[in-house]
Amino acid sequence: MPRLARSEWYDLTRDMNWTLSYVTEDQVWPDDLSHGYGFPTEEWWTWDEPYKITYPEYVHNQAGKDASVYSINAVVNRSKLFEQLDPGWKSAIIAHYGAIAIPEYVAGIGEARMGRFGRAAAWRNMAMYGTLDETRHGQIQSYFPYTLLDKEPRMDWAHKAFHTNEWGAIAARSLFDDMFAANDAVSTAIQLTFTFETGFTNLQFLGMAADAMGVGDLEFSALISSIQTDEARHSQQGEPTMKILVENGKADVAQKLIDHMFWRSWKVFSLLTGLSMDYYTPLEHRRHSFGEFMDELINKQFLDQFRDLGLEKPWYWDDQYQKEQQWLHHAYHLGVWFWRPTVWWNPDAGVSPRERDWLEAKYPGWNDSFGKYWDVITANVRADATENTLPETLPIVCNMCHIPVCTPAGYNAGFLDSPDPHILDYRGRRYTFCSEPCQWIFEQNPARFQGHQSIVDRFLAGQIAPSLRPDFEGGTITTTHLAGVLEYMGVSLEEAGQDATDYAWAFEERDPAVVEAS
Amino acid sequence: MELIAIQACVDGDFVLNMVPVLTDDTMEEVGKKIAHHSVNRRVAPQDKPLGVRFQGVTMPADATVESAGIGAMDVVYAFYEA
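Line by line, the protein sequences give chains S and C. If you're matching positions, the first sequence starts at 1 in full-length UniProt numbering and goes up one per residue. If you're matching positions, the second sequence starts at 1 in full-length UniProt numbering and goes up one per residue.
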């Protein structure tokens, strides 16, 4: 049987576009699910992916990847490798699995939507590979932690987290619903694959794989590398979609979609990756700070792509985003550590004298701005007053990103003009936002967001533990209230986060040689 | 008398806390309730009285939440007086 070169048949088999005859375009591609912006059908047919692959190639490649990474899992699990990992690193991967494993499955829904409602056959073809990719990522990131359950019971949060009302899960679910579970095909291509994957996770996964290898976590390194190779391919659906919007006079639409989702992605990225890089990864294995990583990789790449496509950097880039990079994740880290019973991993304080020196070197002024909070905490730990290092209320949570409002930290560190949050009274309800862009996103489409209640809204509405509401009398919240909140979040007392090193960092003394030299 | 939640912290803290107060609480009581969640947790204690600031104005110590016009989910700060 004669065999043709791939280039001779690829376009023919890929471009299965046809002219509709007995149904309308709107019936096949309704705007809620597809959104064609009124462009002629043939315009969408110019969609062309930069990375070509055929189904036999795809299956061959994926089978090889799975064989490789599952064999590493099988070998590593017979060793003592996991037990020997640094406690902070373990926390980073427990947090990662809970925040990412099930959302990967959900991303498969977004990919499948593009696979059905994308406006070009080439795009639908590409998205079907993406659907299979994301299904694989959901499976692999559920299975690997499952195999670690006998060593770390909280690995079950890989499957559990997304189904709970734990505050971080609410934040992740809100983001991913907005980005792909409840999004049309065009917006998903731009917001999931271009903004989130090309912008953040593709490079993050490269960095995480290298970091994992550095700390000796061969399994996680192999897993993340394997996933990244898929992402590098399917994330390229965004660029051709944006090109069509730009070429047909809708650059403003593409710009708004990016501005919206870059900001939301940044918030969760800061929460997960910022903590992992600057506090949880062992000091000797940190290759760069989170700030350096953002500057050298994420920001540079993104600005280059904006320029290439004739778009502008997001309107908040200089005044908001660049400044938040200097302080936001330090505030989030402090909050996660302080409210540690509300998370499913053990936060690593990461503020021993040596680590504080590193933070000061990477973020000049850290000791004056953030070290002072840790001074009070350290004094309480040393005085055996750890009850003062635990919360007795909830922090106020942003009604867009659903992460605590840390504006006072930004103000104290000199990056904001005011400690005030952004308040919006809209249709009889008060909304609180942590930043101008979070409020801007809400105001672009209030109907999309107005019904959502933050964990604080739910508490105040009596939804979390209605019977506890009268106990508010006297204006204090008791441990009973907080136990009710933890129960609502699905966090049992056995699972509730504790300090990762049992406060060892608080008792470390500064190296006398360093003290003398300074 | 009504129970309301306000968004509050002591100056120098890093986050806004949900602080329940009663509408007939005086500012002195409000200051203490705000401080409970900030001072000696992340803000170093000082041997000074606490004032309360709302919409940029320091409230009289004997003003109540209601007379000061503080409503549910308003932003209120406590601070150590000079």
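Rather than coming from a laboratory, the hints here were simulated on the basis of the structure. Do not take every clue at face value.
[Unchecked claim] On the chain S side, residues computed to face chain C include the following (Cβ under 10 Å):
#1 87
#2 330
#3 394
#4 407
#5 415
[As the list claims (entries may be wrong)] In silico DSSO-like links for lysine-lysine, alpha-carbon gap of 27 Å or less:
#6 S:362 with S:52
#7 C:48 with S:300
#8 S:300 with S:362
#9 S:372 with C:32
#10 S:65 with S:80
#11 S:362 with S:313
[To be verified] Just the calculated beta-carbon pair ranges, DEER-fashion:
#12 C:62 with S:153: 51 to 59 Å
#13 C:3 with S:493: 22 to 30 Å
#14 C:24 with S:379: 44 to 52 Å
#15 C:3 with S:301: 36 to 44 Å
Just so you know, even glycine gets a beta-carbon here, dropped at the ideal spot from N, CA and C.
Which hints, by number, does the structure contradict?
Failing hints, ascending: 1, 5, 6, 7, 14 and 15.
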